[in-house]
Amino acid sequence: DAEITQSPRHKITETGRQVTLACHQTWNHNNMFWYRQDLGHGLRLIHYSYGVQDTNKGEVSDGYSVSRSNTEDLPLTLESAASSQTSVYFCASSEWAGGTQYFGPGTRLTVL
Amino acid sequence: DQQVKQNSPSLSVQEGRISILNCDYTNSMFDYFLWYKKYPAEGPTFLISISSIKDKNEDGRFTVFLNKSAKHLSLHIVPSQPGDSAVYFCAALMEYGNKLVFGAGTILRVKS
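Chains A and B supply the protein sequences, listed in that same order.
According to our numbering, the residues represented by the first sequence are 722 to 833, in order.
According to our numbering, the residues represented by the second sequence are 961 to 1072, in order.
Extracted from the complex, chain A is given alone in its bound form (with noise of 0.2 Å):
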């Protein structure tokens, strides 16, 4: 079965690192999306893909950076953690841009 999957679950790092979130699909969509989820905000976007080389900016893409080399993965970068970007990380992916989105388990990252 196609599915959508996050690695790792649980990161705990500490402020300054860079820290590389994985994510797969085997959906061979071409669409795929990244959210953070925070109390009191819902799902926000991060950062979201069209296509391999396409990468477009979301509502809170500050302190974040993504790349698509291939269909199957869009890996979301923080490039120096900050605390503020303690969150539960979810990505998504979508056959058609606005079809609906299939999400992966999500990865809970605490910035120490």
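If you are wondering where the hints come from, they were derived from the structure by calculation, not from laboratory data.
Predicted model, so just to flag it, every value in this text is computed and none were measured.
We put the beta carbon where it would ideally sit given N, CA and C, even for glycine.
There could be a bad hint or two in this list.
Below, computed lysine to aspartate or glutamate pairings styled on DMTMM-like, alpha-carbon distance capped at 20 Å [said to hold, decoys possible]:
no., chain 1, residue 1, chain 2, residue 2
1, B, K1059, B, D991
2, B, K1028, B, D984
3, B, K1059, A, D794
4, B, K1059, A, D775
5, B, K1014, B, D984
6, B, K965, A, E780
7, B, K997, A, E724
8, A, K778, A, E800
9, B, K997, B, D1019
10, B, K1028, B, E1002
11, B, K1014, B, D991
12, B, K1059, A, D783
13, B, K1071, B, D1044
14, A, K732, A, D759
15, B, K1028, B, D1044
16, B, K965, A, D759
17, B, K1016, B, D991
18, B, K997, B, D1044
19, B, K1059, A, E780
20, B, K997, B, E1018
21, A, K732, B, E1002
22, A, K732, A, E800
23, B, K1031, B, D991
24, B, K1059, A, E816
25, B, K1059, A, D759
26, B, K965, B, D1015
27, B, K997, A, E800
Covered stretches of chain A (in silico footprint by chain B; criterion: 3 or more residues with CB under 8 Å from a CB of chain B, positions within the stretch not fixed) [what the hints assert, rightly or not]:
no., segment
28, 761-771
29, 820-828
For this one, chain A is given, so just place chain B on it according to the hints.
For chain B alone, coordinates are given in the frame of chain A:
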């Protein structure tokens, strides 16, 4: 400025009764609305959607109602079951849009 608002952070309902979750939006350009359900330690999963050309969509125990003039939608769950206990997110999509805007979520607890 939240364009999609879920003003009730939580809702508690007795098993077998109706659960009504509400969502308001401010942007009249939104024309497609979705509800996602999220269990702890899992990613959100798509539940039901409605296009702005309709005022009701039903899927089993779940019905979504849309009132465009009031910019309001609601999700009805009848009858409610303990397994429905989860966080419910309302989301909206703009015409030709490609990004979902999520509300903050409502925690539903169904008591047995």
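* Against which earlier hints does the structure fall short, listed by number upward? -> The structure conflicts with hints 10, 15, 27, although it agrees with all the remaining ones.
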